[in-house]
Each structure stands twice: as C-alpha cells, then as structure tokens.
Amino acid sequence: MNFAMALDYQNCINCKACEIACKEENGVQLGADKQRIWVGVTENSIFGRPILSLYPSQCNHCVDAPCVDVCPTNASHFADGGLVLVDQEKCILCKGCMEACPYDARFVDDKVAAVDKCTFCFDTRISQGKATTACQATCPTKVRLFGDLDDEEGELVQLLKSRKFFVLKENEGTVPKLFYLFPEHDDHFAQNSIGHETTIHTWETFKPLIDMAKAKRSKQWTSL
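Under this note's numbering, the first residue of the sequence shown is numbered 2, with each subsequent residue one higher.
Derived by calculation from the structure, the hints in this document are not laboratory data. Heads up, some of the hints might be wrong.
To be verified - The following label-pair restraints were derived from C-beta to C-beta distances: (1) Ala132 to Gly28: 17 to 23 Å; (2) Ala114 to Glu198: 38 to 44 Å; (3) Glu44 to Glu205: 16 to 22 Å; (4) Arg50 to Gln129: 32 to 38 Å.
To be verified - Straight-line alpha carbon distances no greater than 25 Å define the calculated SDA-like cross-link-like pairs of lysine to any residue that follow: (5) Lys165 to Asp152; (6) Lys208 to Gln129; (7) Lys131 to Arg50; (8) Lys131 to Val71; (9) Lys208 to Asp88; (10) Lys220 to Asp65; (11) Lys35 to Glu153.
Note that CB positions come from ideal geometry on N, CA and C, so glycine has one too.
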C-alpha cells in the first residue's frame, strides 16, 4: 500500500466542513492555529479581474519526507502504507520537523506537548477497516479522493491516469502525495490560478518519481 489523496481543488467552496470533521474525528486541539487540514487562499487576476484560488491542504505524506530525517528521536517516522506519522511519546518538541516541512503541515498539540499533523485518519478510520478519511467523507462538493497508489485498478490511480495534475512545491524534492487535479476544459483559468512555473503531470510522468523515492525510503517503513 502507498496511501495518497487527489484533490479536485476547483470544487472547493471553503465551507470548512473538512476542517471541522477532522477535529471531531481525531480529537484535534481547538484553535485556528491547530489544524491538521486547512484551505489555503491565493489571489491573482485574469484580464485585470481579481480571482481567488482555494487550495485544500494538509500533510503531504511525502515519499521522501525531510521531517523524518531531522527527527533526533525517530518520533517522526515512516509507517506501512507510506504514512508519515509522529510518535507523541518520543517527541521532545525540538520542532526540527516543523522547520523541515516545506508545507507548514505541523503544529504543537499543547494537550500532549508533542507535534501533531494529519495521519490520513489512520488511528480512527483506516486501521478500523474504513475506506476513506473524515475529510473526504464529509466534503459536500467531492473535492477529495483517498486511495492506494500501488493499486493500479483502484479508483485513485484510475483518476490520476485520466486527469492531469500537479503537486505543490515540487522543487523541494519531497515527492508529495497530495495531487491537485488540473481543471478540465478550462486551461486558461487554470494556468493563471496555479502559476506558469508549475509542472503539469500525467500519471506516466509522475509515477517514476514515486517509484524512485519509494525504492529509497520503503526500507524505513515500520509495521503499524
């Protein structure tokens, strides 16, 4: 297994349902700065008219995650399924992982004095046999699709084979596993909303990057 998520980001209406569901499902500390998932907003313009682009985000569960490398106690670690998790009992709050994460996806949970982040609902849902995350289950506009990149016949891979997509901060070399689906039939708007420097991928161009990073890192995956 190699867990990941695709996001049809232009369907996002910033209703906050995913953020609320995440907090409720996983017992995330209350507070606007205590978020496992969030919606980023960027401003741009087309023909002089302002537009807002919404980017639902969370931990990217990077295949080549730098947060794991910097952790002195192995609190941040790879688990089966390519999950990047935090063992709160081992966390010493050095915050090295927070500095190393290119996506600002971590925060300090003051309740347990340890770093917290998205787990793809592993503890509360996936390990219990449920097929998806709380954020996907609650989204009214079907932005998110959770799945297994190793399942070539699964819904996630089939979607990535049928749509172009991009990832955020690709130049960081982390091989992130949040895939933003390039809008269909709206190339001009989409290019302006993401920036011309962003690489648009197909499954054929991105899968080799996943395979190389997985070959490097999968030996570090530990049993859940």
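Checklist entry - Within a Cα-Cα threshold of 25 Å, do Lys220 and Asp65 meet the stated pairing? => result holds (12 Å)
Item to check | Whether the CB-CB distance between Ala132 and Gly28 falls inside 17 to 23 Å | outcome: holds (21 Å)
Item to check | Satisfaction of hint between Asp88 and Lys208, Cα-Cα up to 25 Å | outcome: violated (29 Å)
Checklist entry - Has the given pair, Lys208 with Gln129, been kept, meaning a C-alpha gap of at most 25 Å? => result The hint is violated at about 29 Å.
Item to check | Given pair status - Val71, Lys131, alpha carbons within 25 Å | outcome: Violated: Lys131 and Val71 sit about 32 Å apart, past 25 Å.
Checklist entry - Holds or violated: Lys165 with Asp152, Cα cutoff 25 Å? => result Between Lys165 and Asp152 the Cα gap is close to 18 Å, so the pair holds against 25 Å.
Next on the checklist: Tell me if the straight-line CA distance from Lys35 to Glu153 falls inside 25 Å.
Outcome noted: Violated, because 35 Å separates the two Cα atoms, which is more than 25 Å.
Checklist entry - Is the distance from the Cβ of Glu44 to the Cβ of Glu205 consistent with 16 to 22 Å? => result Violated - the Cβ-Cβ distance for Glu44 and Glu205, about 33 Å, lies outside 16 to 22 Å.
Next on the checklist: For a C-alpha distance cap of 25 Å, please report whether Lys131 and Arg50 respect it.
Outcome noted: Violated, because 44 Å separates the two Cα atoms, which is more than 25 Å.
Checklist entry - Taking the CB of Ala114 and the CB of Glu198, does the distance hold inside 38 to 44 Å? => result 40 Å Cβ-Cβ, so the 38 to 44 Å window holds.
Item to check | Arg50 versus Gln129 beta-carbon gap, inside 32 to 38 Å or not | outcome: violated (47 Å)
Hint violations for this structure: numbers 3, 4, 6, 7, 8, 9, 11, all remaining hints satisfied.
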